[in-house]
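According to my numbering, the sequence shown is numbered sequentially starting from 51.
Derived by calculation from the structure, the hints in this document are not laboratory data. Being a predicted model, the structure only gives us computed values, none of them experimental. Just so you know, even glycine gets a beta-carbon here, dropped at the ideal spot from N, CA and C. Please note that the accuracy of each hint is not assured.
What the hints assert, rightly or not - Have a look at the derived ranges for each label pair, beta carbon to beta carbon: (1) A733 to T453: 49 to 55 Å; (2) E279 to K529: 46 to 52 Å; (3) P415 to G180: 17 to 23 Å; (4) E90 to E495: 54 to 60 Å; (5) A771 to V913: 37 to 43 Å; (6) P415 to Q805: 44 to 50 Å; (7) E272 to P604: 29 to 35 Å; (8) G64 to E424: 53 to 59 Å; (9) D603 to K529: 19 to 25 Å.
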Amino acid sequence: MPLLEPKPEALRPGPRTGGPAPDRVPDALAGGTPEPLRSELTGILGADKVLTGVSDLVRYASDASPYRFVPQVVVVAEDIDDVSAVLSYAHGKGREVVFRAAGTSLNGQAQGEDILVDVRKHWAGVEVIGDGERARIGPGTTVLRANATLARYGRVLGPDPASAIACTIGGVVANNASGMTAGTTRNSYRTVASLSFVLPSGTVVDTADPLADDVLAHAEPELCAGLLEIKSEIEADATLVARIRAKYEIKNTNGYRLDAFLDGATPVEILRGLMVGSEGTFGFISEVVFDTLPLDRKVSTALLFFPSLPAAAAAVPLFNEAGAIAVEVMDGNTLRASVSVQGVPADWAGLPRSTTALLVEFRAPDEAVLEAYEARAAEVLDGLQLVAPVGSVTNEFTRDPKTIGGYWKARKAFVTAVGGSRPTGTTLITEDFAVPPSRLAEACEALLELQTRHGFDAAVAGHAAHGNLHFLLAFDAGKPEDVERYAAFMDDFCRLTVERFDGSLKAEHATGRNIAPYLELEWGTKATELMWRTKQVIDPGGVLAPRIVLDRDPTAHLRGLKTIPEVESIADPCIECGFCEPTCPSEDLTTTPRQRIVLRREMMRQASGSPVEDALVAAYGYDAVDTCAGDSTCKLACPVGIDTGAFMKDFRHARHSPREEKAAAFTARNFKAIEASARLAVAAADKIGDRLLTSVTRAARKAVRPDLVPEWLPEIPAAAARELPPTARVGAVAVYYPACVNRIFGTPGDMSLPQAMVAVSTRAGRPVWIPDDVAGTCCATIWHSKGYDEGNRVMANRIVEAAWGWTAGGRLPLVVDASSCTLGIAHEVVPYLTDDNRELHAELKVVDSVVWAADELLPHLTVHRMTASAVLHPTCSMEHLGDVAQLRRVAEACADEVVIPDDAGCCAFAGDRGMLHKELTESATAKEAAEVTSRHYDAHLSANRMCEVGMDHATGRHYYSVIVELERATRPWVTG
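I would like the entire structure built from these sequences, with the hints used as guidance.
Below, the structure is given as structure tokens:
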């Protein structure tokens, strides 16, 4: 047993209020997947593709919806063969299958009660066809990632859901998601050129294959005949044809696309249309070819404030006629809740409840067209009665990207920002519906009255240009009276939408579990029965996703509603939207931020000491705490800024024994000696050899504890020079602080990073000074990242006091040469400072070396030599600091071609975490490394030594600081 075992009981929740939750995972699942399901699927697919632990089942049980269904097993499918094998097994055993990718669905489409198949991890990829007019995309690819590739060709996908950062192409197509600008003309149904999919029988169809109908007719004659029979029946009923066409004049994703029978001439063409919006009930979409659209880069946007919702709605058709590509509406509650989003003006919290805003955007291919749009917009503005209730409101169009980005961030955060401010313990329901745009104002008033009548707070936003509104309802699913109130509201809402407005009960979120019981209300008996027949023709065994689109139970939407037990305050606002997941370094290894919170909530649902709680606590240490990189990029992705990295650091602190805390504080107090010893050890390692060091450190990890003793990696650099380059205080315009990592580890090449920084600053006429007493100081991140609070406190106060003296009370900037250390000194030390030192810190100006180079040095430097190509690794700390643009600017001064990989993300090396758990860095960097190694680059540049080591380990290439490259590029030629 290791000498320093963590305290696992520290992860067990404290006392609960009330008894176990009614929707808790039953004790029977404490052992995970039951037999024979476990052994049968493992035998077919292999143990590495079958997740069976109760922790696995729980973390896959939630999506962004108000529902929760626990699967019996999770399969991580790698290819079509795996999918076909699962379907064949399910047919033979009478089991059910649900496919899940991002889990951002708002109506429970990504949940199943039997076999759940993860089709995200191994299904990403973008292939650009021609000049970008088409793109072949894997179903596990996020919309944001696909558009990043397409942007280089001046193209973009038509669907643009607010969850683009996280939602994947497979889900977008399967739900016919649209978004801000798609409407009825740019959605998946209209822009999908072809699909490849696996039918429930295992038959694979590629609709682009000229022989696809022949192949399908041979493989599935009954299916083909059934589809053509339904087509003939529909076409023979003129009234039904007219009704179907009318239903899709506005946005509608409720039920199956019956117009596919009218638009498709053959079974394959009909299936191509039916698969869009089928919510995984007809088959697995394995590949999508999209017709892309032009990316108009000229943009002008305004956030316009109106005194009421009806007043704002009345202005929508005016902007539509002026050519706006997007007209989004946000009511007063939405606007006020958005203040939780970073960058949203704080004074929005004081907006009157009746205030409503329209976010209006025009996009154009060139300046002349944009100016024409702006002129039309100005004419519209002249006729409006706008209000400015708070100081930040301008009611003006702007072209400033930062301002526009802030507007859209607030709008896209509707669900999470409003949901994050809901009362603790309440479940969140997100509804979306559409009415004819001409009746938007009337629908807004009716909806607000209905919400008030049923005791719900009104919160409305949506795609006003298309008559598409979204609203949220919060209630406690553990209280029968609250569930009854929700049920009564839904009955009234659905009747209102259908009977008064002839609207769509689902405009873009797809039917899902909460609207399935109301399908016939909207479509009528004949059309609904045709949908049931279509399901029977395609999936006669009922294997795929039962009860998600079609359900004859009138109370089906009340089944599986999830309770939201209160957890630690840092995580409690989470509504499980999943926006955080693509940014998480451990996403493909263990758990994501959302899953870490989901698991915590399940612990709280359990009775204290239950078998399920015991199993979850036992797995949580490694799956959640140890393999969290602590980079907090999840905070950047989360619309309400939940920092799950900080949450996990709190758990690390809680698991420490007093002996560990005391030892960590000792190292902080004696860091000068520790630093010198570390440099000597690294120097000695050069003589010992990588193989022996690896063996020794692995043995030590077993004896002490893997999360305390790093494993030696061959990529660990040589030791830094004992002496820093000489500098003078007199005449210096900044204090240069070489981070401890750059005082311990050297830089590849003939010049160290400190030498390069001093040289290039002097060359630019901006000399820097390195204090004589930097040894023994640190940004405190070493202790902060591991949750050693006392050590963190010691070093945080030491560095601030030292920096105050070095910079003459903040009169000189402090330039730091490692981005994580810049972030640490500038921001992360603050909570650990004494009151006096917090005042000193407020006077400091902490500048990252890359920002220093971009803003202070580049204007005064002459480039003498350029490298042909450079690939960059922006660190997660740079993302937090907002310094990525400066990294690119410095690199572009040094290289003819500069590339940031589309899959660039946190390397998860996180100081030494990549040595404590190298599997974390290997998983986190896999996609980025594949991009980097797919071609040759002359330089591999970053701005943090340990991140560079992590990327060395991932790619086999040699990364180094962009500052070193800048010094080389601007070094004068030696003559004579």
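How the hints compare with the structure:
1. A733 to T453: 49 to 55 Å: Once the Cβ atoms are compared, 51 Å apart, the range 49 to 55 Å for T453 and A733 holds.
2. E279 to K529: 46 to 52 Å: Hint holds: Cβ distance 48 Å, inside 46 to 52 Å.
3. P415 to G180: 17 to 23 Å: About 19 Å separates the Cβ atoms of P415 and G180, which means 17 to 23 Å holds.
4. E90 to E495: 54 to 60 Å: Check passed, 57 Å falls within 54 to 60 Å.
5. A771 to V913: 37 to 43 Å: Given about 27 Å between the Cβ atoms, the range is violated.
6. P415 to Q805: 44 to 50 Å: Since the Cβ atoms of P415 and Q805 sit about 48 Å apart, the hinted range of 44 to 50 Å holds.
7. E272 to P604: 29 to 35 Å: Since the Cβ atoms of E272 and P604 sit about 32 Å apart, the hinted range of 29 to 35 Å holds.
8. G64 to E424: 53 to 59 Å: Holds, since G64 and E424 (Cβ atoms, about 58 Å apart) stay within the stated range.
9. D603 to K529: 19 to 25 Å: Check passed, 22 Å falls within 19 to 25 Å.
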